[in-house]
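Start from chain A and add chain B according to the hints.
If you read the protein sequences in the order shown, they are chains A and B.
Note that the first sequence covers residues 1 to 150 in my numbering.
Note that the second sequence covers residues 1 to 150 in my numbering.
Rather than coming from a laboratory, the hints here were simulated on the basis of the structure.
There may be inaccurate statements among the hints.
One copy or any two copies: either way a pair holds, since identical chains are not told apart in the list.
[Stated by the list, open to error] Calculated lysine-lysine pairs in the DSS-like style (CA-CA distance at most 30 angstroms, straight line):
id, residue 1, residue 2
1, K14, K139
2, K25, K139
3, K72, K139
4, K25, K102
5, K14, K72
6, K25, K14
Protein chains: 2
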Amino acid sequence: MAEPSAFAAPGSTKEVEDGRALTPKFDADGLVTCVTTDAQSGELLMVAHMNAQALAQTIATGDAWYFSRSRKRLWRKGEDSGHTQRVVEMRIDCDQDAVWIKVEQQGPGACHTGRRSCFYRVVPLGQDGAVTLAFDGDKTFDPTSVYRGK
Amino acid sequence: MAEPSAFAAPGSTKEVEDGRALTPKFDADGLVTCVTTDAQSGELLMVAHMNAQALAQTIATGDAWYFSRSRKRLWRKGEDSGHTQRVVEMRIDCDQDAVWIKVEQQGPGACHTGRRSCFYRVVPLGQDGAVTLAFDGDKTFDPTSVYRGK
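For reference, chain A alone in the conformation it holds in the complex (with noise of 0.2 angstroms):
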């Protein structure tokens, strides 16, 4: 069901680039792509996705909503977990399709695989061919524990 967005189209280059109004630039299934940083470690916790529906919530209301791509919904962080984010600043990028938000992560983390972080794996570099990652990030929480019936 299309919802009515809360924001005007992206005009010319130099006024989406320049310009003073937010008018983000949605792909076709009508995302952005939201990098979710920790407000006070500056660690990056998860990359996710809005839709007009999350960026005007999350503006509104300062807490982090999201839209799920894998089950198709809005989405507010830590609904299920109780590990919410307030988000302390957002900004946008240039070409506006992407946004930037620091948050307080509520809880012992921002990923459902149990760690603070997404970003738990290192991929080495100076390779050629198959890589095999490095784990860096102890898990924080039991995810089959909070997640529990979810």
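Using the frame of chain A, we list chain B on its own:
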């Protein structure tokens, strides 16, 4: 023209999330999202995309390569401007559809508008309806000079 991918196809969810094999989940356009931060300051510089070749070349060379969706071609960051990015660390997220690179940004900035970061505008929170962006990030170079004739 389809290039053979340097990467194996993703396996089960458990293999993708808990495994040591790099099996990126490219989207329908053959891309993963790349989040690029400054290795020293932690600042978010840009969000871009990589296809299999860009990802493989970034891993092999330690220089940041992207795939330009607008120009539909592989692109070594800084090939026109000289503002290259040396990758200090690469990480991949739980479902392997986003990578995070921490880079040493060469030159005055990463953004084609002439700023250090693409995220030079703040979205004020607590508002319904139309939003006025606040600029926070001066121009650090003159893009019309840097990209002249490119």
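Do the hints match the structure? See the list:
1. K14 to K139: between (45 angstroms within a copy, 15 angstroms between copies)
2. K25 to K139: Result: close only across copies, 23 angstroms inter versus 36 angstroms intra.
3. K72 to K139: Only inside one copy: K72 and K139 sit 27 angstroms apart there, 39 angstroms across copies, limit 30 angstroms.
4. K25 to K102: Classified as both: same-chain Cα gap 21 angstroms, cross-chain 26 angstroms, threshold 30 angstroms.
5. K14 to K72: between (33 angstroms within a copy, 22 angstroms between copies)
6. K25 to K14: Cα proximity of K25 and K14: one copy only (14 angstroms, versus 34 angstroms across).
Violated hints for the displayed structure: none, as all numbered hints are satisfied.
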